[in-house]
Amino acid sequence: MSKQTEASIEFSNQNVSSLTMATKELAAKKLYSEQVQAELAELQSDIDILFQKLQSLSCQRLTTAGSIQ
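Residue numbers (the working numbering): 1 to 69.
Note that these hints are calculated values from the structure, not bench results. Predicted model only: the values in this text are computed from it and were never measured. Heads up, the beta-carbon is just placed ideally off N, CA and C, and yes, glycines get one too. Take every hint as true, because none was put in to throw you off.
Distance windows between CB atoms, simulated: (1) Glu42 - Glu6: 52 to 62 angstroms; (2) Thr20 - Leu54: 42 to 52 angstroms; (3) Leu43 - Thr23: 28 to 38 angstroms; (4) Asn15 - Leu40: 33 to 43 angstroms; (5) Phe51 - Asn13: 55 to 65 angstroms; (6) Arg61 - Ala22: 52 to 62 angstroms.
Kindly produce the complete structure, drawing on both the sequences and the hints.
Right under this line is the structure:
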């Protein structure tokens with residue numbers, strides 16, 4: 001095998017290794033992003049529920065205050 005062929009193979013192997021690492025990093029980032037999006041959706045749901053409860057309590061308070069007067 002010529003030195004040029006060996007160098008070409010080594011260069012190709014390095015590129016494959018770099019691409020493999022980049023692919024793994026992208027997969028990890030995508031997974032992290034999906035997990036963050038799931039957490040945000042869960043938090044938004046919790047916020048919506050708490051907001052509904054707050055509105056309900058506010059209405060009850062207004063009703064109670066009106067009946068006291």
